[in-house]
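Q: Here is what each chain is made of, one letter per residue.
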Amino acid sequence: MCALSMNSIFLLTVELLNFHSLQSDLVNHCCSFPLRQHVRSLVVLCLCCRLRMSAEENPAAEPAPVIDVQGDGRWMSQHNRFVQECKDAEPDVLFVGDSMVQLMQQYEVWRELFSPLHALNFGVGGDTTCNVLWRLQNGELDNIRPRVRKRFFFICSNSFNSICYEVKCVFNAGIAFLFVFPQVVVLWVGTNNHEHTADQVAGGILAIVQLLLSRLPKCKIIVLGLLPRGEFPNPLREKNAAVNNLLRTSLPQLGPVQLIDVGGGFVHSDGTISSRDMFDFLHLTASAYRTISTSLHELLLQLLEETPQERRASLV
Amino acid sequence: MKTWLCCCGAHWTSSGVMSEDANPAATPSPCQDIQGDGRWMSLHNRFVSDSKGKEPDVLFVGDSLVQLLHEFEVWRKLFSPLHALNFGVGGDATQHVLWRLVNGELDHISPKVVVLWVGTNNHGHTPEQICGGIMAIINVIHQKLPHAHTLVLGLLPRGKSPNPLRERNASVNALVQAEVASLSHVSFLDMDPGFILSDGSIAHQDMYDYLHLTPQAYQKVCQPLHERIKSLLDKHAP
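Which chain is which? The protein sequence lines are A and B, in order. Using full-length UniProt numbering, the first residue of the first sequence is number 1, and each one after it goes up by one. Using full-length UniProt numbering, the first residue of the second sequence is number 1, and each one after it goes up by one.
Treat each hint with caution, since some may be false.
[What the hints assert, rightly or not] Just some of the chain A residues that point at chain B, by a computed CB distance under 8 angstroms:
(1) Glu62
(2) Gly71
(3) Gly73
(4) His79
(5) Arg81
(6) Gln106
(7) Glu231
(8) Pro235
(9) Thr291
[To be verified] Residues of chain A clear of chain B, computed beta-carbon distances all greater than 10 angstroms:
(10) Cys86
(11) Pro116
(12) Gly264
(13) Thr294
It is worth saying that the hints were derived from the structure and are not from the lab. Positions of the beta carbon are idealized from the N, C-alpha and C atoms, including for glycine.
If we strip away everything but chain B, and leave its shape as in the complex, we get (with noise of 0.2 angstroms):
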């Protein structure tokens, strides 16, 4: 089988699928059911039966800060109104993202614009591989999506003190903005609003236990979203 080799380290064959020796953060996983309760496949489950009856406009999937952005009121005001769905699981990578997208999210809509924010939990991969990850889930996207503009958002720093994930996060995003500068059905959004203090530090105000924002975050970091979205939607309808 050919197969393409894309600067962020991932393999692409014609179908779209990644070559499992390449990058484990491009290889669409599902999460193994540990605990025992079958959690992940459950949301997997509900989210593709959730796009056979809806229309959204704008679809949202990534990890836990996407999840959690549904439930708090700034879902209800800015994206609501919008038609969004929200196909956010909390714990999450690029290669569960990409299991799912892959199998069956994105079978049964057409939303103008699809907005990830995913790969702050890759844990144990490099800024190349989850940059490669992140590249991979916008090939999917486009490749069932034709027609859908791919929103993709900055990594937030992390941690309450300066510690190697911030900067992890930072090569991604530097990574990842280079990647998508040449594609004209891609566009990034760096999300921090300036997160970290003076001393380097970032407050619970903001991210209660250093990671997940705060329905205060929440509200600084989707203002400047919804403006991004909405020009986007604006730019798609005929």
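Bound-form chain A, shown alone (with noise of 0.2 angstroms):
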């Protein structure tokens, strides 16, 4: 694949599919896992293209460090925390972004709903798409130690190498233990990239969810919207909401990654946001942190329930 010029790449993805119209599961039933894989990242080339989004072309998708202007090496701290955490913990759902996710675990709220699903923070406050990917790149993924899930008999040879693709199985002594990495990424990123237009900011979360994608195999994605901002109607709420509009249609197109917004309800009638909800018209108060978790708790609780069908079938 890496032989094919762009070009021939994205020509053949769109003579093999109807761009508009692919569905997530389309992709899902009629391709073994291996030639999905190849296909979700052919997709996301082909998103990447119409939203001129290549790498080379969107500063939102290059992966950046945070430079230490401020001399005291917090952000590098963090970072490598993150990395380490990974090797101890067995996360089920994996939580990466700014300072909305690093926020949530300071509240109640994350140990009443999320610490129980084994969950893990990887929030930095002031990330832009950037430096989330370049975390993301630079070890925070590495170690994740995956989750036994289950010991399996080991019966007939030909369902070995089927399996092997989708999830790290380990045979010995005829009990095939299934390793299963985190189930859910919960990625929220993208209000702090001031010098990106929505285009670009979007196109640099696409960049982000094909990277977890890549690396996390059978994980599901729920990508959160951006949330309004500021007391009163102001650019960086359009940018916001043009942001997650360019996301809603192109995230499922990829697999299972789906797009949630959280923000309904923040801006009243009179178009002034509440520092009831948002302390500082940016960050989120217990309150309404507590708001939002409860529909997101439930679509994690369903997704972490599900067990694949082919999962299933390819064991027996």
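Assembling the complex is the task here: the two chains are given apart, and the hints tell you how they should meet.
A: Set out below in structure tokens:
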């Protein structure tokens, strides 16, 4: 695939698939897993071309660490801690993003709703899509130790190869150990991309999603929509809404990815946002986090309880 | 216009406004709206209008360490009962707090105690300049609220490992502590309960990003703060 030029990949994909009507379940049902993964990559490439989002053109899709201008190295300290954290934890859910993710862990709602789901929080205040991309490419996904989900008695050698692509499977003394990586990643980033257009920010988020799909097999992704911000209507609200609109249709086409918009209800009829919901008209209060967490928690429970049919069938 | 030179390098005029060439940390400056949603000014305007409707006994003013305090349970338990208002803004340096106080946030209230916690965001300023900024704020508070006592909180260490900002903050604390020793309407409180561990590190259980406090760390620092404020209020009572 790498030998093909970008242009021929694009044309091939357009020919194979009707781009506008591509449904993720069509991809899932008609392709075996390894081909499915390649098709997904092709689709992402198409979307990037459509949004003019190739990594070379889109600064929001360019991985970049935060430069330590203040002088206490806090950003790198947090990154290093996350790299270390995932060596010991066996997360089922991984939260990744900016301060919207980070601050959530400081409120009671995290302990009540998300810790029990074996969730890790890799949020860093101030992060853009570039920073999140860099962190994920530079260790924060490397050491995630998958949780051992099931042990099966090995029956038929033919089924063994087909499940190896889906999950890492170790065969030992007649027992197959099924290792499952984090089942769900919750991604919330983009509101700090002040140098970038809505198109670019959406492309940056797509790039992160592509990375996650390629690195975490069988992972489902929830992308949280960017929230409105500022006390009164302002250009950043329009920009964030535009990012959400761009992602709404394009994300599900990449695979098990969906956009969840939790911003509804924050803007009142007079156009204002209350400081009871966002104490600085950007960051959420405890009560606002509780409001958005309820639906997110329900969705996570639903996704975590799903066991793909093909995984069960291939093991019999 | 006659100016007085304070030992921290801040120039004072008779109206309490700093001369601009002396100390950027002591020159009232609003935060520029670079991002485009006007949040800083929204917060300032809300504080000004808040101050018209309420009668706080205690006013907290400063940066995100003040602002975030309001969002955790410790505020409701320890400080709401003292009739406290919170005028903290994340990211504020001394010159921003100074501008806010000069431009309306103190105009309609008469708290007995003003708790001031600012200085860690003064990047690019020397300890002397930051001290000058803090002293400038203390002076404005005293001018507008002559009967209030100002409690200045010491800057906390920051960063996971030893770094220049820890030294800077410690220097600021030493300078401010010396400055206020001779002033009867000001006192200083060291807020560090021992965040730096024996290996020189700060735990993320105390500062989740090695700057901002977790709820458990706020519990640690707020007990002595609460005690100090209560004793100041008791002294203030007729």
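Q: Run every hint past the structure and note whether it holds.
A: Consistency of the hints with the structure:
Interface restraint check: Glu62 of chain A against chain B, minimum CB-CB distance 21 angstroms, threshold 8 angstroms, status violated. Residue-level restraint check for Gly71 of chain A holds (minimum Cβ-Cβ distance to chain B is 5 angstroms; threshold 8 angstroms). The closest approach between the C-beta of Gly73 of chain A and any C-beta of chain B is roughly 6 angstroms, which is under the 8 angstroms cut-off, so the hint is satisfied. Hint status for His79 of chain A: violated, given a least beta-carbon distance of 11 angstroms to chain B, over 8 angstroms.
The interface hint given for Arg81 of chain A is met, as the beta carbon of that residue sits about 6 angstroms from the closest beta carbon of chain B, less than 8 angstroms. A cut of 8 angstroms between beta carbons decides the hint on Gln106 of chain A: the least distance to chain B is about 6 angstroms, and the hint holds. Given the 8 angstroms rule on beta carbons, the hint for Glu231 of chain A holds: about 4 angstroms separates it from the nearest Cβ of chain B. Restraint check, Pro235 of chain A versus chain B: the minimum CB separation of about 5 angstroms is within 8 angstroms; hint holds.
With its C-beta approaching chain B no nearer than about 15 angstroms, Thr291 of chain A sits outside the 8 angstroms limit, and its interface hint is violated. Remark: the non-interface label on Cys86 of chain A is consistent with the geometry, its nearest Cβ contact in chain B lying 15 angstroms away (cut-off 10 angstroms). Listed as a non-interface residue, Pro116 of chain A keeps its Cβ farther than 10 angstroms from every Cβ of chain B; the least gap is roughly 19 angstroms. With a closest Cβ-Cβ approach of about 19 angstroms to chain B, Gly264 of chain A is found to remain outside the 10 angstroms limit, as its non-interface label requires.
With a closest Cβ-Cβ approach of about 19 angstroms to chain B, Thr294 of chain A is found to remain outside the 10 angstroms limit, as its non-interface label requires.
Taken one by one, the earlier hints fail for this structure at numbers 1, 4 and 9, listed in ascending order.
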